[in-house]
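Undergrad: Sequence:
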Amino acid sequence: MHETRATSSWRGRLALAVALFLAVLTLFLLTQRRIATRGAAGVDRAMAAPSSSQAQSAAENARRAAIAALGPIKRRQGTNAADLYKQAIGLYAALTDEEKRMLMRRRDKLDPKVAATLYAKIQPIMNLLRRARTADYVDWGFGPITSFTDPNLSANLHPTQDLAFTALWDATYRFQSDPDGAVSDLAAMEAMSRSGVNSLIGLLVEDGVHANGLAVLAQNAASITAVAGPDLADVVNSAVLAQAFQTGMNSEASILQASLDQYADPATRSGSFIQKFAGSYNDNGGITPQEAASETQWLMQTEQQFGATLTEPDAQFQQWWSQKVAQAAPMPLASMALPNFPAARTATLALMVENAMMNAGLAIEQSDQAQFQSISDPTSGHPFTYTQTADGFQLTSALLRGGKPVTLSFSTPAPQ
Numbered sequence: 021m022h023e024t025r026a027t028s029s030w031r032g033r034l035a036l037a038v039a040l041f042l043a044v045l046t047l048f049l050l051t052q053r054r055i056a057t058r059g060a061a062g063v064d065r066a067m068a069a070p071s072s073s074q075a076q077s078a079a080e081n082a083r084r085a086a087i088a089a090l091g092p093i094k095r096r097q098g099t100n101a102a103d104l105y106k107q108a109i110g111l112y113a114a115l116t117d118e119e120k121r122m123l124m125r126r127r128d129k130l131d132p133k134v135a136a137t138l139y140a141k142i143q144p145i146m147n148l149l150r151r152a153r154t155a156d157y158v159d160w161g162f163g164p165i166t167s168f169t170d171p172n173l174s175a176n177l178h179p180t181q182d183l184a185f186t187a188l189w190d191a192t193y194r195f196q197s198d199p200d201g202a203v204s205d206l207a208a209m210e211a212m213s214r215s216g217v218n219s220l221i222g223l224l225v226e227d228g229v230h231a232n233g234l235a236v237l238a239q240n241a242a243s244i245t246a247v248a249g250p251d252l253a254d255v256v257n258s259a260v261l262a263q264a265f266q267t268g269m270n271s272e273a274s275i276l277q278a279s280l281d282q283y284a285d286p287a288t289r290s291g292s293f294i295q296k297f298a299g300s301y302n303d304n305g306g307i308t309p310q311e312a313a314s315e316t317q318w319l320m321q322t323e324q325q326f327g328a329t330l331t332e333p334d335a336q337f338q339q340w341w342s343q344k345v346a347q348a349a350p351m352p353l354a355s356m357a358l359p360n361f362p363a364a365r366t367a368t369l370a371l372m373v374e375n376a377m378m379n380a381g382l383a384i385e386q387s388d389q390a391q392f393q394s395i396s397d398p399t400s401g402h403p404f405t406y407t408q409t410a411d412g413f414q415l416t417s418a419l420l421r422g423g424k425p426v427t428l429s430f431s432t433p434a435p436q
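Going letter by letter, the sequence shown gives residues 21 to 436 in our numbering.
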């Protein structure tokens, strides 16, 4: 297939657009994590309360709008957790801007009275998250996602992130007097974030929530007791992470299937992604709609296969991946989409590593050297590298994330 300079430029712009989208998304998630985990710096904040009926009306309108934006909920037998999450979203929307800022800055030192008042105020939200964890099912009421611009793709992501920040602040505060309850609340947060995985974007958001939860656990590991064991096991459940990864990849594949269905129907073909892609590419002389449809089919199947690679040995995965990259080389659409997959896989693998680190760090806190040695790095099969730090210790993995080894820092000094 002949590639003109104009075609090359167009491919570059499209590839850049995809890369920028992922970069912006990644930057957003990392920024949220920094906000949630940064050290105490700043002044104590007085809690601002609505002072007029106008402010209360605005809060009520915000609450109703937050719920209405999530659409209808399908009904099945039993309790739907999404009902409870929507109520919690509404309560969060009614908080003041200052209260929301305090929740996002969980490491800021607040006046004890202000912190106690905020903790009490968010308990109705937390009670809903706790109840939702034991609900019969979770159905946000969305229909099938049919395109990468479908508003349902990310409709519940920002609201659940807000609730996650609330739960992180709650757990950080609660660890001071009730460590077991704090772990339980982090488990409720995990259950909520897992319910939002309907794409790779949803998966990355869930990964960010999970990473923040692990950071809170690691900073308070010395106070965790055996009573919290079941809740802790639920939080650091790597099998659930693997399932979320598979769900995310399958969701991406389902969007491509919807594109194929749209292209196959003469009534919707002209507006299909496949037709539009071929038209844009053909402006510079390169791919037919039939070829674009064929590549979409290949890409869909590859996404489904990719979702099952998370627990494969690295050598086996790399061999399979090299074959896929070679197959995609002559396919414009596939070759532009394929490079985005490994980053999502590495992000989830890193969290599986951190899950194991959490258990290893707890063994160190409990002076159980034999248990620590028995917990291996899932990417290498070897124990984690232990390093003392100024205020605790750090565990390091062989896995690289962003060019640097995956680490998890524990704030309490290890027993001598």
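A few of these clues could be false.
[Unchecked claim] Below, computed lysine-lysine pairings styled on DSS-like, alpha-carbon distance capped at 27 angstroms: (1) K344 - K296; (2) K141 - K120; (3) K129 - K141; (4) K133 - K120.
Calculated from the structure, these hints are not laboratory results.
Undergrad: Decide, hint by hint, whether the structure agrees.
TA: A quick look at each hint next to the structure:
{"no.": "1", "hint": "K344 - K296", "verdict": "holds (25 angstroms)"}
{"no.": "2", "hint": "K141 - K120", "verdict": "holds (12 angstroms)"}
{"no.": "3", "hint": "K129 - K141", "verdict": "holds (18 angstroms)"}
{"no.": "4", "hint": "K133 - K120", "verdict": "holds (17 angstroms)"}
Every hint from the earlier list agrees with this structure, and none is contradicted.
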